[in-house]
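Trainee: As you go down the protein sequences, you meet chains A and B in turn. Taking the numbering used here, the leading residue of the first sequence gets 1, the next gets one more, and so forth. Taking the numbering used here, the leading residue of the second sequence gets 1, the next gets one more, and so forth.
Hints listed in this document are in silico derivations from the structure and should not be mistaken for laboratory results. A few of these clues could be false.
[To be verified] On the chain A side, residues computed to face chain B include the following (Cβ under 10 Å):
#, residue
1, THR15
2, LEU24
3, GLN39
4, THR41
5, GLU56
6, PRO57
7, LEU60
8, VAL62
9, ARG79
[What the hints assert, rightly or not] Here are the computed distance ranges between Cβ atoms for each label pair:
#, chain 1, residue 1, chain 2, residue 2, range
10, B, ARG633, A, ALA122, 52 to 62 Å
11, B, THR572, A, GLN132, 46 to 56 Å
12, B, SER536, A, PRO57, 40 to 50 Å
13, A, THR59, B, GLU523, 13 to 23 Å
14, A, THR9, B, GLU376, 25 to 35 Å
15, A, GLY51, B, VAL442, 26 to 36 Å
16, B, TRP227, A, ASN98, 32 to 42 Å
17, A, THR9, B, THR572, 51 to 61 Å
18, A, GLN132, B, ILE374, 26 to 36 Å
19, B, TYR59, A, ALA122, 32 to 42 Å
20, A, ALA130, B, TRP227, 36 to 46 Å
21, A, THR59, B, ALA138, 53 to 63 Å
Ideal placement from N, C-alpha and C gives every residue a C-beta, glycine not left out.
Each chain, letter by letter, is given below.
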Amino acid sequence: MAVVLAGITLAGYLTYRALQENLLYFFSPSQVVAGEAPQRTFRLGGMVVEGSLKREPGTLNVSFVVTDNVHSVPVKYDRVLPNLFREGAGAVIIGRLNDEGEFVGDEVIAKHDENYMPPEVAEALENARAAQGE
Amino acid sequence: MIPEFGQLALALALCLALVQGTLPLVGAARGRADWMAVARPAAAGQFVFVAIAFGALVYAFLSDDFSVLFVAQHSNSALPVFYKATAAWGGHEGSMLLWIAVLAVWTLAVAAGSRSQPQEFSSRVLGVLGIVSAGVIAFALLTSNPFTRLIPAAADGNDLNPLLQDPGMIFHPPTLYVGYVGMAVPFAFAVAALLTGRLDKNWAKWTRPWTVVAWLFLTGGITLGSWWAYYELGWGGWWFWDPVENSSFMPWLMATALLHSLAVTERRGIFKSWTVLLAIAAFSLSLLGTFLTRAGVMISVHAFASDPTRGLFILGLLAIFSGGALALYAARARNLEAEGGFKLVSREAFLLANNVLLVIATGVVLLGTLAPLIVEALGLGKISVGPPYFNLMFLLPALPLVALIGVGMHAGWRMMPGDALARRLRGPAVAALAIGVAAPFVFFDSASVLTTFAVSIALWVALSSLLDPMRRLVFRTGAPLTRGQIGMSLAHFGVGVFMLGATVASAYNFERDFAARPGDTIEAGGYEIVFNGIRSVEGPNFVADEAEIELRDGDELIGILRPQVRTYRVQTEPMTEAAIDTNMLRDVFVALGEPLGDNAWSLRLRVKPLIRLLWIGAGLMALGGLVAVTDKRYRVAVRQPAPAAAQPVEAA
Chain A
1 MAVVLAGITL
11 AGYLTYRALQ
21 ENLLYFFSPS
31 QVVAGEAPQR
41 TFRLGGMVVE
51 GSLKREPGTL
61 NVSFVVTDNV
71 HSVPVKYDRV
81 LPNLFREGAG
91 AVIIGRLNDE
101 GEFVGDEVIA
111 KHDENYMPPE
121 VAEALENARA
131 AQGE
Chain B
1 MIPEFGQLAL
11 ALALCLALVQ
21 GTLPLVGAAR
31 GRADWMAVAR
41 PAAAGQFVFV
51 AIAFGALVYA
61 FLSDDFSVLF
71 VAQHSNSALP
81 VFYKATAAWG
91 GHEGSMLLWI
101 AVLAVWTLAV
111 AAGSRSQPQE
121 FSSRVLGVLG
131 IVSAGVIAFA
141 LLTSNPFTRL
151 IPAAADGNDL
161 NPLLQDPGMI
171 FHPPTLYVGY
181 VGMAVPFAFA
191 VAALLTGRLD
201 KNWAKWTRPW
211 TVVAWLFLTG
221 GITLGSWWAY
231 YELGWGGWWF
241 WDPVENSSFM
251 PWLMATALLH
261 SLAVTERRGI
271 FKSWTVLLAI
281 AAFSLSLLGT
291 FLTRAGVMIS
301 VHAFASDPTR
311 GLFILGLLAI
321 FSGGALALYA
331 ARARNLEAEG
341 GFKLVSREAF
351 LLANNVLLVI
361 ATGVVLLGTL
371 APLIVEALGL
381 GKISVGPPYF
391 NLMFLLPALP
401 LVALIGVGMH
411 AGWRMMPGDA
421 LARRLRGPAV
431 AALAIGVAAP
441 FVFFDSASVL
451 TTFAVSIALW
461 VALSSLLDPM
471 RRLVFRTGAP
481 LTRGQIGMSL
491 AHFGVGVFML
501 GATVASAYNF
511 ERDFAARPGD
521 TIEAGGYEIV
531 FNGIRSVEGP
541 NFVADEAEIE
551 LRDGDELIGI
561 LRPQVRTYRV
571 QTEPMTEAAI
581 DTNMLRDVFV
591 ALGEPLGDNA
601 WSLRLRVKPL
611 IRLLWIGAGL
621 MALGGLVAVT
631 DKRYRVAVRQ
641 PAPAAAQPVE
651 AA
């Protein structure tokens, strides 16, 4: 009985740790600017600012700015962008902050419908608007 | 006029489903043979009306009837005819109608195939299926009517999502749904048996072939989906632990557990209440999957349609079906008596371990899938659970599970002397370990402990599965194998092949994104990639930039790859069409990205060794199920007493 109990406790602990290490939290640009974002990997979401997409010609290196219409965060990325990535549309990026306060992306998440806004981004925009109105 | 006709047919099907879901059940409780006799005609009538409704929707697509909202949203006059027909399930409303149609086919098959069973039992089974059908048809009519008119009619349609304009999309959803919805059948058998109060070997014997057929379609459907995602989504991955993938994978895990548990119940009359619970759980997870897919609660690569009110409706159905079945179970389970015992080393014990590990694996996937919902509901923020969690936590139960297959399938019922078992299995175990340790170094120059371990286990299962067929075919000793045994060996061999493919393709996957100008040669992954340039090509309803890429190994030209980025005329977002050079040993996968300026384009290269084995292995699992279900003992059970309804089970 004690062995079973110990086994269950251990399994529960391992599950907890595995979850803990692999949870990706979502943060909006306003939260990042306010310093609420962690040093480890998280998801950043918002609108890609029109005209902010800069590419080092002939290479995969790009930079762009993500905003919730109140605050903005610069993003760097060096892989193939998803098909539906474009300026003025919503995007979610997985990555981490570097020392210069830039967000270095590992993955930009594709969305499949051009009218479809990632729900977190919609909420981030809404929250930012509400915060500004106060 | 035709769409109204379809809607009317669906409403009539609902009426018949309500009849089918009430009269036979009441009749069975009161011993009224005439009420019970209503079940089969009601099922047949429901099938006819559902078929009319489905036909009406397909007709609306084929005839470009853009006065129907669903057609206007998901089709276009320029869409190739083939895709017009399959666009019928290219969106939420049509998917639900497909769900209903698949259930109607299953119900009809059960009605035809259950004539040899006692009327009291078969009418309860059909009654339960009627209730399920009524719930889902009501859902479709009230929240997701595919026949809703668009007034004024659109001049042309919004087109089918380009991702779905692919042959894989034609077969993936129906196959998956046949499996998914088919879980309603063992569920209905379990509830009927609880109502009757007789959960015996016969019940298990009747349930088993239906479960196998549903399982093999589910296996095939998931495999097709994975294959489609691999070549169509353009990322080169084959499994993303996406909520929608998980929602078909969890019923599969449960159905696999159910299959094995049913084997014990049929043979030995034990594990009864466990088997019932698994049947209820498998169907509940199918419904939960429908909820997760259709309710828009998940951010997913598959999230095409979403609406919260639909989610509440499905959650309500889930509560009624699963809650009702569990309440019935709680009331009746005490009457279940085991008809025998077993020893620690016996097939029963191994199958028990199989079940426990599969349930743990399901729990792990369920936890990871629902954690974002739970955390958000508790107001703790927005999270997502990354693939590393699933990879790690799923492997923990999966590795011992697969390792145990190799032993368990050779263990006898009741008990087995441990030393006899060890003697038989020594050979394959040593061989698997030796190859597993050596091969990664020989072919890939490196190996982690986990890779070595996983390759060894995969080989071990594959070799162990061949023992019985080899003994029979090569040495011609022992008893002839039944179809059931051949199917089992084949399916388990498939598990080994699958695991070998999955392990090697993941561990020795080469991937790189790079920028290339016309004329550039890139050395990567053991190959030379020569980028010859881009040209414009035109398809029936799209234009595309097409790259020409030479794949070379030294001086030898292996092949020319032509990946495309398509722009469809109506839905203008660009779509990647990857190009794959494939053979049994490896896939070279190239996707074209975007122009980078300065005449350069981004390219994405993947080299995946042995990835074909992954799909071949999954196919072998399904094939094993198909062979097993043609076993003599099921055919006899179905055909014998009712030659008039000679509907073989496998035809379902």
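Trainee: For each hint, tell me whether it holds in the structure or not.
Mentor: Evaluated hints:
Interface restraint check for THR15(A): the shortest CB-CB distance to chain B comes to about 6 Å, inside 10 Å, so the restraint holds. Given hint, LEU24(A) at the interface with chain B, holds; its Cβ is 5 Å from that chain's nearest Cβ, closer than 10 Å. Evaluation of the GLN39(A) hint against chain B yields a violated restraint, the C-beta minimum of about 17 Å exceeding 10 Å. A least Cβ separation of about 8 Å between THR41(A) and chain B falls short of the 10 Å threshold, and the interface hint therefore holds.
Hint status for GLU56(A) relative to chain B: holds, with the closest Cβ pair at about 8 Å, below 10 Å. Annotation: PRO57(A) was flagged as interfacial toward chain B, and the flag holds, the nearest CB pair being 4 Å apart, inside 10 Å. Because the closest C-beta pair between LEU60(A) and chain B is about 5 Å apart, less than 10 Å, the hint holds. Nearest Cβ of chain B to the Cβ of VAL62(A): about 9 Å, under the 10 Å cut. The hint holds.
The interface hint given for ARG79(A) holds, since its Cβ lies 5 Å from the closest Cβ of chain B, which is under the 10 Å cut-off. Between ARG633(B) and ALA122(A) the Cβ separation comes to about 57 Å, which falls inside the hinted range of 52 to 62 Å. About 33 Å separates the C-beta atoms of THR572(B) and GLN132(A), a value inconsistent with the hinted range of 46 to 56 Å. As the Cβ distance of SER536(B) to PRO57(A) is approximately 22 Å, the hint placing it in 40 to 50 Å is violated.
The supplied range of 13 to 23 Å is met by THR59(A) and GLU523(B), whose beta-carbon atoms lie about 18 Å from each other. For THR9(A) paired with GLU376(B), a C-beta distance near 27 Å keeps the hint of 25 to 35 Å intact. Between GLY51(A) and VAL442(B) the Cβ separation comes to about 54 Å, which falls outside the hinted range of 26 to 36 Å. For TRP227(B) paired with ASN98(A), a C-beta distance near 38 Å keeps the hint of 32 to 42 Å intact.
Range check, THR9(A) to THR572(B): Cβ separation about 55 Å, and the 51 to 61 Å hint holds. Between GLN132(A) and ILE374(B) the Cβ separation comes to about 31 Å, which falls inside the hinted range of 26 to 36 Å. Distance hint check for TYR59(B) and ALA122(A): the Cβ-Cβ separation is about 38 Å, which falls inside the suggested range of 32 to 42 Å. Hint check: ALA130(A) to TRP227(B), Cβ distance near 45 Å, so the stated range 36 to 46 Å holds.
A hinted range of 53 to 63 Å for the beta carbons of THR59(A) and ALA138(B) is consistent with their spacing of about 57 Å.
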